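**Q** The listed protein sequences derive, respectively, from chains G and F. At position 25 of the first sequence the residue is numbered 25 (my numbering), and the sequence of numbers has no breaks. At position 251 of the second sequence the residue is numbered 1251 (my numbering), and the sequence of numbers has no breaks.
Just so you know, the hints here were simulated from the structure itself, not pulled from any lab data. It is possible that part of the hints are untrue.
Claimed, not checked - Output of the computed footprint for chain F on chain G, the stretches with three or more beta carbons under 8 Å from beta carbons of chain F: (1) 115-126; (2) 130-144; (3) 157-170; (4) 174-188; (5) 237-243; (6) 246-258.
Stated by the list, open to error - Once the Cα atoms are required to be at most 20 Å apart in a straight line, the calculated SDA-like pairs of lysine to any residue come out as: (7) G:Lys-54 <-> F:Ile-1125; (8) F:Lys-1256 <-> G:Met-143; (9) F:Lys-1256 <-> G:Leu-142; (10) G:Lys-237 <-> G:Leu-225; (11) F:Lys-1256 <-> G:Leu-144; (12) F:Lys-1047 <-> F:Gly-1228.
All values derive from a computational prediction rather than experimental measurement. The beta-carbon is built from N, C-alpha and C at its ideal position, and this holds for glycine as well.
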Amino acid sequence: MASAAVSAVAETSEPAASTGLARVLQAVTGRLVIIVPYLWLLFFFLAPFVIVFKISLSTTAIAMPPYTPAFSLDEGFAGLWSQLQELNFDNYLWLTDDPLYLNAYLSSVWIAGVSTLLALLVGYPIAYGMARAPVSLRPTLLMLVILPFWTSFLIRVYAWIGILKPEGLLNQLLLGLGVIDTPLVILNTHTAIFIGIVYSYLPFMILPLYSSLEKMDYSLIEAALDLGCRPITAFWKITFPLSLPGVIAGCMLVFIPAVGEFVIPDLLGGSQTLMIGKTLWNEFFANRDWPVSSAVAVILLLLLIVPIMIFQFAQARAQEQGR
Amino acid sequence: MNPTWSRFNITSVVLGFAFLYLPIVLLVVFSFNASRLVTVWGGFSIKWYGELFRNQGLMDAAWVTLRVGVISATVATVLGTLAALALTRYTRFRGRVLFSGMVFAPLVMPEVITGLSLLLLFVAIDLDRGFLTVTLAHITFSMCFVAVVVQSRLMSFDRSLEEAAMDLGAPPVKTFFQVTLPVIAPAVVSGWMLAFTLSLDDLVIASFASGPGATTLPMKIYSQVRLGVTPEINAACTLMIGIVAAGVLAASIVNKRREAQRQRDAQAALRA
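Just chain G, same shape as in the assembly (with noise of 0.2 Å):
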């Protein structure tokens, strides 16, 4: 990986026009521009992925660090093709077995659906009311939209217990306003983690759709309520399919992180909610089983892949319409 980096600057320097120390030193800082964040990533970022795979092929033990490495290089390559040929997957074996796993998966995706398809129908009418307001109130709608983005994530999740617990201020709201005779069961149930991930990752689904709807010129739903249209139909046949970029950016973007999210699930779903992220570290940090947990991050990794592709692939068409 690394030579590739190497090389890889090495066709974008210059023609070696040496022409002194300054050209030299101009050529070794345009390689470092890449070279610098691309050791970094790889380092960091990458390798990390490489070791999470390994661990997951070794078996437990106990010891520090907990668990027996699968494969090494102490015996030279000879010795390393023998050890592959007595790989075990028996982590990944214990994950099918086991229909707590399964289940875990199953219901993170779901979860992770319900909210995603929530935070569209929330989101779609604030992008698309922001849109529409005069220009000069824009840049302020855009602002507020962020800030709460800079608050942090866990504060947020808090507020809402405070909301919505059984004696808390929701209750107590329609108590006193005299809808409901019982308080509502809300917190530790899946609407709980509903109304979570939907309220944090509201201003990722925004953000793009209002983007999206930005950019969008007017006059063709002029046009198409002139020559008759119901602006019911002109939405569907003319706005929403040009908005659809964003649609797909914003449901990417609350999607992948919502499957593996452990704070909501944690502290808003109670101890009978099953997410795949909240196993991860039940595994990790109650029972310490390193090998297993991080077969549950490969498996994890493999099930976000395809989302992750296509949230790559809308980034680059978007590079390249920017350019």
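Following the hints, complete the assembly by docking chain F onto the known chain G.
**A** Okay, now just chain F, sitting in the frame of chain G:
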């Protein structure tokens, strides 16, 4: 073309912002509650702020968090700006796909995966977990956010300015510091602030990457929140919100002034 801002549009925007802000407002209000019961109003009081400053554990954690935040945001800003330059200026180099993948993937990567993988790396290279490892972990994920922010600014950058400087004999490094950097400075500054708040905010990755003696504020708050809602935590949260809000406000005022100054300069130049 001036599309109408219908009543429906206004209502959805107002309701949306109410949803986004009401929980935070309630949290702030109840930090001034005299009663220990967080949901019953017992009169105005600032006693929880006093309790907060007497809580040594919380204060230590705040100090750790602040140092991690400043160091990691600064390094992440340098690395992220370099990455953004690499992505916009060098459109063809081998491994570019992998590189852009590594820049964008951390933006959506579930935190539990990033945290676990970094921890296993630190164990593999035998690095003791603590202040250093938390800082390294925060640099890694926040540099990608900086890269995205700076990159979007670089894409709208008029490259003829750089070309002019180089034609006039300025070496690339000098061109960067005297021409490019001043233009992209607002993006670099907001990149730093974003990296800083991400670091301030992070619970999951810090929990994996940290060791004894380097407990960050979110870790401390989390361990207390699990035991229930307390007014001290409300007070701590309010302070954090206040600091961040003041920072964002100051930055936007500075930005506005600079923008106004720029416009005045442009007009003066036109008149001249």
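**Q** For the segment 130-144 of chain G, do three or more residues have a beta carbon lying closer than 8 Å to a beta carbon of chain F?
**A** With 7 residues in contact (Cβ-Cβ under 8 Å with chain F), the coverage given for the segment 130-144 of chain G holds.
**Q** Mind taking a look at whether chain F covers the segment 157-170 of chain G? Criterion is 3 or more residues with CB to CB distance under 8 Å.
**A** Satisfied; 10 residues make the cut.
**Q** Assess, step by step, whether the Cα of F:Lys-1256 is no farther than 20 Å from the Cα of G:Leu-142, and give holds or violated.
**A** Roughly 15 Å between the alpha carbons, so the hint for F:Lys-1256 and G:Leu-142 holds.
**Q** Just to be careful, I want the Cα atoms of F:Lys-1256 and G:Met-143 compared with a cutoff of 20 Å; is the pair within it?
**A** Holds - the C-alpha atoms of G:Met-143 and F:Lys-1256 are around 13 Å apart, at most 20 Å.
**Q** Are at least 3 residues of the segment 115-126 of chain G within less than 8 Å of chain F when you compare beta carbons?
**A** holds (count 4)
**Q** With the threshold set at 20 Å, check whether the alpha-carbon distance from G:Lys-237 to G:Leu-225 stays at or below it.
**A** holds, 12 Å
**Q** Are at least 3 residues of the segment 174-188 of chain G within less than 8 Å of chain F when you compare beta carbons?
**A** It is violated: at least three residues are needed, and the segment 174-188 of chain G offers just 0 whose Cβ sits closer than 8 Å to chain F.
**Q** Examine the segment 237-243 of chain G for residues whose CB is less than 8 Å from any CB of chain F, and state whether their number is three or more.
**A** n = 0 at 8 Å, threshold three: violated.
**Q** How about the segment 246-258 of chain G: do at least three of its residues have a C-beta closer than 8 Å to a C-beta of chain F?
**A** Contact hint for the segment 246-258 of chain G vs chain F: holds, 4 residues under 8 Å.
**Q** Hey, G:Lys-54 versus F:Ile-1125, does the alpha-carbon distance stay inside 20 Å?
**A** Judged against 20 Å, a Cα distance of about 14 Å means the pair holds.
**Q** Sort out whether F:Gly-1228 lies within 20 Å of F:Lys-1047, counting only the CA atoms.
**A** holds, 19 Å
**Q** Please work out if F:Lys-1256 and G:Leu-144 have their alpha carbons no farther apart than 20 Å.
**A** holds, 16 Å
The structure shown violates the earlier hints numbered 4 and 5.
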